[in-house]
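Chains A and B, in that order, give the protein sequences.
In the numbering used here, each number is its position in the first sequence, counted from 1, plus 18.
In the numbering used here, each number is its position in the second sequence, counted from 1, plus 584.
Any given hint might turn out to be false.
From the derived model, a few chain A residues whose C-beta atoms are all more than 12 Å from chain B [what the hints assert, rightly or not]:
#, residue
1, THR37
2, GLN39
3, GLU40
4, LEU56
5, SER171
6, ALA185
7, GLU191
8, ASN199
9, MET208
Derived pair list, reagent style EDC-like, types lysine to aspartate or glutamate, alpha-carbon separation capped at 16 Å [said to hold, decoys possible]:
#, chain 1, residue 1, chain 2, residue 2
10, A, LYS214, A, GLU157
11, B, LYS652, A, ASP87
12, B, LYS780, B, ASP715
13, B, LYS652, A, GLU81
14, B, LYS680, B, ASP640
15, B, LYS606, A, GLU81
16, B, LYS606, B, ASP640
17, B, LYS652, B, ASP715
18, A, LYS44, A, GLU25
19, B, LYS680, B, GLU603
20, A, LYS214, A, ASP189
21, B, LYS606, A, ASP87
Don't read these hints as lab results, they were simulated from the structure.
Just so you know, even glycine gets a beta-carbon here, dropped at the ideal spot from N, CA and C.
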Amino acid sequence: MTCEEFERVLPELEGGHNTEQEAHLKSCSACSGLVSDLNAISQQARLLQGSEEPSPWVWNSIELALRQDGLIHQSSRERARALAPLLSWKLRWLVPLAAVFLVAFGVLIRQRGTVQPPVSVATETGSIQPTETVAMASEDQQLLNTVAARMPSMRAAYESNLLAVNAYIRDAEQSAHSNPNDEVAQQYLMSAYEQKAMVYEMALDRSLP
Amino acid sequence: MTDAKKQQGDRLSEATLIERAKRGDAEAFEALYNLHKRRVYSLCLRMTANTAAAEDLTQEAFLQLFRKIGTFRGESAFSTWLHRMAVNVVLMQLRKKGLPVVPLDETMEGEEEAPRKEPGAEDPRLAGSIDRMQLQQSIAALPPGYRMIFLLHDVEGYEHNEIAEMVGCSIGNSKSQLHKARMKLRELLKTSRAEKATRP
Chain A
19 MTCEEFERVL
29 PELEGGHNTE
39 QEAHLKSCSA
49 CSGLVSDLNA
59 ISQQARLLQG
69 SEEPSPWVWN
79 SIELALRQDG
89 LIHQSSRERA
99 RALAPLLSWK
109 LRWLVPLAAV
119 FLVAFGVLIR
129 QRGTVQPPVS
139 VATETGSIQP
149 TETVAMASED
159 QQLLNTVAAR
169 MPSMRAAYES
179 NLLAVNAYIR
189 DAEQSAHSNP
199 NDEVAQQYLM
209 SAYEQKAMVY
219 EMALDRSLP
Chain B
585 MTDAKKQQGD
595 RLSEATLIER
605 AKRGDAEAFE
615 ALYNLHKRRV
625 YSLCLRMTAN
635 TAAAEDLTQE
645 AFLQLFRKIG
655 TFRGESAFST
665 WLHRMAVNVV
675 LMQLRKKGLP
685 VVPLDETMEG
695 EEEAPRKEPG
705 AEDPRLAGSI
715 DRMQLQQSIA
725 ALPPGYRMIF
735 LLHDVEGYEH
745 NEIAEMVGCS
755 IGNSKSQLHK
765 ARMKLRELLK
775 TSRAEKATRP
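Model the full assembly from the supplied sequences, consistent with the hints where possible.
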């Protein structure tokens, strides 16, 4: 076999070489060098696979187009999340309203000295301890203990949040039990649980040193 | 876990993502995009040598795919379907620019003649000395038709029958173009190495 004959069949030789071709390669350093070079190029090229990454805006543009086409629908999780901001404004107002109420009673206590706040008393440490607290679940207590250990000043705020969100969950559960076929009631309940999860997440994140 | 089992697991996961995407799940679409974005983008980038153009083509390829995902029946691998879309998008771009694409007839020399090795001549071997950057530059210097076949076969790992189907040529043509691409790259790499050696 000559070098010209070998090079003519080279494009077809992917799986291997026959006996004649092998014999030529053993005897011809030029052709064996050529085969070696072409193999090296091929092997090095494989390392280039998927080595580049597009910028994030590419996905953003794709997602926007898919939403405009109506090909992306909201999942139930996304719907609940969409509802959460709508419903959470109720909770957001409960906490500052509760704080204003408590401060107002605190002022009344100092001014009159005789009126006992129906909801809370100021402790020596300055934290507010509710007198009409519903017994908290042990995991809520554990969370409050964790927050208190890391940032004592935040304990009261999270206790208020937990009380409010637990009350929200109770209401939502009652509503969902009473109306098992009402999808809105079920979504309210899901949102209530998500609110509690958010309180836990915030408490653990923000109380970290 | 063995490689085969992992591959099977990956395919099942991808199949789940595809079904969820068909139902309009945004997270599934994004997951499919993240699984394949590097390969599609790399292919587009190496064909265009321009990041902005490559990103536009990547976006176009994925959009075309996602808009048709409802028709995907699993007859071929999803990645093959996607790459076919990417190749089509790139080829359309080349045609718009009036650049030659892969000749349909393997006997046609639609592009420059591949360098021929002088019988009996001996060159120093490339093996062990191929610089990644030089290889990328050499690939960028290839004519578009050679470059496409080389990228699909040697970089992306497609077989000639798959390439022929994607690009619209014969298997023989695909093999011939690949060989010419490799020979051209060999020449470019040796020239580059010689130039580097003579620099002070």
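Okay, the hints, checked on the actual structure:
1. THR37: holds (21 Å)
2. GLN39: holds (15 Å)
3. GLU40: Nearest chain B Cβ is 19 Å from GLU40(A), so the label holds.
4. LEU56: At about 5 Å from chain B, LEU56(A) fails to clear the 12 Å cut-off, so the statement is violated.
5. SER171: Non-interface label on SER171(A) holds, nearest chain B Cβ at 38 Å vs cutoff 12 Å.
6. ALA185: holds (33 Å)
7. GLU191: It holds; GLU191(A) is separated from chain B by about 28 Å at its closest Cβ, greater than 12 Å.
8. ASN199: It holds; ASN199(A) is separated from chain B by about 23 Å at its closest Cβ, greater than 12 Å.
9. MET208: holds (18 Å)
10. LYS214(A) to GLU157(A): holds (12 Å)
11. LYS652(B) to ASP87(A): holds (12 Å)
12. LYS780(B) to ASP715(B): holds (12 Å)
13. LYS652(B) to GLU81(A): holds (15 Å)
14. LYS680(B) to ASP640(B): holds (15 Å)
15. LYS606(B) to GLU81(A): Holds, at about 14 Å.
16. LYS606(B) to ASP640(B): Violated - the C-alpha atoms of ASP640(B) and LYS606(B) are around 24 Å apart, more than 16 Å.
17. LYS652(B) to ASP715(B): violated (40 Å)
18. LYS44(A) to GLU25(A): Distance ~15 Å between LYS44(A) and GLU25(A) Cα, so the pair holds.
19. LYS680(B) to GLU603(B): violated (35 Å)
20. LYS214(A) to ASP189(A): Roughly 14 Å separates the two Cα atoms, so the pair holds.
21. LYS606(B) to ASP87(A): The hint holds at about 13 Å.
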